[in-house]
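Q: Here's the letter readout for the chains.
Protein chains: 2
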Amino acid sequence: MEAELKEMLNDLDSLKQSLPDPSNHASIHKLQSRVEHLTKLAKSAPVRRTKVQDMSAEVVDSNPYSRLMALQRMGIVENYERIRDFSVAIVGIGGVGSVAAEMLTRCGIGRLLLYDYDKVELANMNRLFFRPEQVGMTKTDAASQTLSDINPDVVLESFTLNITTVQGFETFMSSLRNKSFCPNKEGSGVDLVLSCVDNYEARMAVNQACNELNQTWMESGVSEDAVSGHIQLLIPGETACFACAPPLVVASGVDERTLKREGVCAASLPTTMGVVAGLLVQNTLKFLLQFGHVSPYLGYNSLKDFFPTMEMRPNPQCSNAACLERQKECLLAKPAKDAAIRAKMEAEALLVPEGPLHDDNEWNISVVDDEELERTDATSSDALPEGLTRELPPADEFQKFSAAEPTTTTFDDIEELRKQLDALNA
Amino acid sequence: MEAELKEMLNDLDSLKQSLPDPSNHASIHKLQSRVEHLTKLAKSAPVRRTKVQDMSAEVVDSNPYSRLMALQRMGIVENYERIRDFSVAIVGIGGVGSVAAEMLTRCGIGRLLLYDYDKVELANMNRLFFRPEQVGMTKTDAASQTLSDINPDVVLESFTLNITTVQGFETFMSSLRNKSFCPNKEGSGVDLVLSCVDNYEARMAVNQACNELNQTWMESGVSEDAVSGHIQLLIPGETACFACAPPLVVASGVDERTLKREGVCAASLPTTMGVVAGLLVQNTLKFLLQFGHVSPYLGYNSLKDFFPTMEMRPNPQCSNAACLERQKECLLAKPAKDAAIRAKMEAEALLVPEGPLHDDNEWNISVVDDEELERTDATSSDALPEGLTRELPPADEFQKFSAAEPTTTTFDDIEELRKQLDALNA
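If you read the sequences in order, they're chains Z and X. Following the numbering used here, the numbering of the first sequence begins with 1 at its first residue and continues without gaps. Following the numbering used here, the numbering of the second sequence begins with 1 at its first residue and continues without gaps.
Derived from the structure by calculation, the hints contain no laboratory data. Among the hints, a few may not be true.
[Said to hold, decoys possible] List time: in silico DSS-like cross-link candidates among lysine-lysine, alpha-carbon distance up to 27 Å:
no. : chain 1 : residue 1 : chain 2 : residue 2
1   : Z       : LYS304    : X       : LYS328
2   : X       : LYS337    : Z       : LYS119
3   : Z       : LYS51     : Z       : LYS40
4   : Z       : LYS6      : X       : LYS419
5   : X       : LYS6      : Z       : LYS419
6   : X       : LYS40     : X       : LYS16
7   : X       : LYS328    : Z       : LYS16
8   : X       : LYS304    : Z       : LYS6
9   : Z       : LYS419    : X       : LYS40
10  : Z       : LYS30     : X       : LYS30
11  : X       : LYS328    : X       : LYS344
12  : Z       : LYS185    : Z       : LYS304
13  : Z       : LYS6      : X       : LYS30
14  : Z       : LYS40     : X       : LYS40
15  : Z       : LYS419    : X       : LYS51
16  : X       : LYS419    : Z       : LYS334
17  : Z       : LYS16     : X       : LYS51
18  : Z       : LYS30     : X       : LYS51
19  : X       : LYS40     : X       : LYS6
20  : Z       : LYS6      : X       : LYS334
21  : X       : LYS419    : Z       : LYS337
[Claimed, not checked] Beyond 12 Å from chain X on every Cβ pair, some chain Z residues (computed):
no. : residue
22  : ASP11
23  : THR105
24  : ASN124
25  : LYS179
No residue lacks a Cβ here, since even glycine has one placed at the ideal position from N, Cα and C.
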């Protein structure tokens, strides 16, 4: 648009030159100032940030990675920058998948593969991510647009296809196998597949692909009544696959969607989907960057704020042939794996350090003898650095107070109640 | 921009009229077609959706509320549309507050009040919501822009101020008292205050305001190492206020920020902040729309996926005078409140229905005698409606399988392992 406006200014200039009558010059001046104003307006339109070569830990407002690199300083992650080497595939860019994609993009993931065949609708606006102006675009196009604006450092590959069709499944498989992003990587071309689909058939397709490729993946889901959800880690052969413990009743030979009664749609909430996406990507970061405990299964019951966990072993009678293959491989590899774990534990036992665990001790933490503590003068041991103050009186003062006027937190009769009220009024 | 371009077309037209020489008409035609092209470009720019008069439950792609109104059909919420009557104030539009604001906006909340004094920086891009093109804008302006594009039905009021200054606190208080949105509301002008700030001083200011106004609020926070957080419900006089159990060590007389060592910033993650925002707004929806259990406190330890809960009674020695006033009022109101609860429970006990609980029984659920079940032919009782199939064989077949070839899931020696492998190969 800016180029067009510049050309218009030139055109107006040559028109002015060709007009002998100066009475027309005023209207041309007016037109020129209008074009200049429009140029200013056009320039104020969104500007994208430039790519960043290396992730820096420098604490300046202009560094988009300072708060992430701080995870190293805080001792949570050993090497955050490794995130740039990882590829994550997200199947289903709906209420959970789109938010998961945005989180990974903002975390600076190396490469994202996005799969969906649906279009953005106004009916999706009750969940995070898509904007009303994107209605009618494919979800993959709309997501690529938003994500590349947010972080141009992330390599985005999007696939507008249905993985449950023969053609779609083949493209899905070959895209997971493609190793051009990280040629020396072991296994497939991606580090993790996230399933964020909303139906059984698509989950079975992801399950089939991951069992065949021996690809670790995570499954996620939200209930039709919008108030609960779950995430699950699936390692072929090691944990239950999706077919090892399938839903008890499923559609067969007909489209699942047609089974629903007309005029009835599933409920959804941005809260439940945002929480599930957050738990899913948190588990992804723990898995990729090796910190904390990677959850094998985590449920979210929002009505009770209950978060059940469990582990599921593979089913030796699983209907999926590729799963049985992976189970065999795991059983065969188990003795060697167990021996390696034993050896590592024994080696670590021999390596118990004799000196202090931390050499630097920057917070001056030391072990104090209990008896010595009792003898110490309270005021001197309570000294705080300048600029800090205690919000509560020392424990001694509390004890005195309690002894003088005992307060209880439960009461059964009106007399007890009056006592408490008097204590408050005192 | 479109209006300006239209005026330019008019200007060019009158210029053409005033020029007697037709040789100049060609250049004016060229200019006119350029303006027409620019008009087309301008029209393809984002269009905002129009306001929706009533929330409809109609299941069409163009209805932004269909998935929310479905909460009624699913029996989760009695009257979802009530959400349009509520006002929520969000203090701090950072990593948690901005996402909470977006969630409430997408849920169609009646009115949002936003408070922040900070500007958007590139260093905020590792959390959801703000976009790189908004860098330099105040967080309140950037949020109002994004939120009104997402849902023009929400009434947005933004306050670019620091609530810890004398002037800022006064404006904060008067904005909470303002009842123009819902003149007949009891109490203050808002239904809930959400504290999404990142420092002690601001939390104490919110606490002071809410204690003075007898205003229920929810507090939220994320740890400096980015891997844990919490939300908490605070009802003045009924639960502990923020001063009832303050942090043990706090800044005094100096800006909290200067206490941090130079070149060190807090870590943050879009995952943890997204989860905390999701839990906070879920608790808000449960509180406002009266469904599920409103959590008094919910922690989130992401390293272990542990979610502690607890309840905190008010501290009768609280340092906050307004809190002590509210505690007194609660104690005085308690006998009447308890009597009302007892009366309600007794009334409900008398109303236990004698007939079936659900008259319609649309899923044809009925109680079956155990003995009858055993006598029934397996195939007939297992019949499923057309289009459905079972994923697992009937229980009987499983038992036969187990009897023929017992499988165990634990093994201690290589012999046991080989047996399992053989079973898999069979």
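Q: Each hint: holds or not?
A: Status of the hints after comparison with the structure:
1. For the proposed pair Z/LYS304 and X/LYS328, the alpha carbon gap of about 31 Å is over 27 Å, so the pair is violated.
2. Annotation: proposed proximity of X/LYS337 to Z/LYS119 is violated, straight-line Cα distance about 52 Å (limit 27 Å).
3. Restraint check for Z/LYS51 and Z/LYS40: satisfied, since their Cα atoms lie roughly 25 Å apart, inside the 27 Å limit.
4. For the hint pairing Z/LYS6 with X/LYS419, the CA-to-CA distance comes to about 81 Å; that exceeds 27 Å, so the pair is violated.
5. Note on X/LYS6 and Z/LYS419: the hinted pairing is violated, with a Cα-Cα distance of about 78 Å set against a maximum of 27 Å.
6. As the CA atoms of X/LYS40 and X/LYS16 are separated by approximately 23 Å, the hinted pair is consistent with the 27 Å bound.
7. With a CA separation close to 82 Å, the supplied pair X/LYS328 and Z/LYS16 exceeds the 27 Å bound.
8. Restraint check for X/LYS304 and Z/LYS6: the C-alpha separation of about 59 Å exceeds 27 Å, so the hint is violated.
9. Annotation: proposed proximity of Z/LYS419 to X/LYS40 is violated, straight-line Cα distance about 77 Å (limit 27 Å).
10. Restraint check: the Cα-Cα separation between Z/LYS30 and X/LYS30 comes to about 18 Å, which is no more than 27 Å; the hinted pair holds.
11. Note on X/LYS328 and X/LYS344: the hinted pairing holds, with a Cα-Cα distance of about 25 Å set against a maximum of 27 Å.
12. The suggested pairing of Z/LYS185 with Z/LYS304 is violated, with an alpha-carbon distance near 43 Å, which exceeds 27 Å.
13. At most 27 Å may separate the alpha-carbon atoms for a hinted pair to count; Z/LYS6 and X/LYS30 meet this at roughly 14 Å.
14. This hinted pair checks out: Z/LYS40 and X/LYS40 have alpha carbons roughly 18 Å apart, not beyond 27 Å.
15. Under the criterion of a C-alpha separation no larger than 27 Å, the hint pairing Z/LYS419 with X/LYS51 is inconsistent with the structure, at around 56 Å.
16. A hinted pair counts as satisfied when its Cα atoms are at most 27 Å apart, and X/LYS419 with Z/LYS334 qualifies at roughly 14 Å.
17. About 46 Å separates the Cα atoms of Z/LYS16 and X/LYS51, which puts this hinted pair outside 27 Å; it is violated.
18. Only pairs whose Cα atoms come within 27 Å are accepted, and Z/LYS30 paired with X/LYS51 is rejected, the gap being roughly 37 Å.
19. A C-alpha spacing of about 11 Å is found between X/LYS40 and X/LYS6, which places the hinted pair at or below 27 Å, so the restraint holds.
20. With a C-alpha separation of about 75 Å, the suggested pairing of Z/LYS6 with X/LYS334 is violated against the 27 Å cut-off.
21. A threshold of 27 Å between alpha carbons decides the hint, and for X/LYS419 with Z/LYS337 the separation of about 19 Å falls inside it, so the pair holds.
22. The beta carbon of Z/ASP11 is not kept farther than 12 Å from every beta carbon of chain X, the shortest such distance being approximately 6 Å.
23. A beta-carbon of chain X is positioned within 12 Å of the beta-carbon of Z/THR105; the least distance is around 9 Å.
24. With a closest Cβ-Cβ approach of about 8 Å to chain X, Z/ASN124 is found to fall inside the 12 Å limit, against its non-interface label.
25. With a least CB separation of 28 Å from chain X, Z/LYS179 remains clear of the 12 Å interface cut-off, as annotated.
Taken one by one, the earlier hints fail for this structure at numbers 1, 2, 4, 5, 7, 8, 9, 12, 15, 17, 18, 20, 22, 23 and 24, listed in ascending order.
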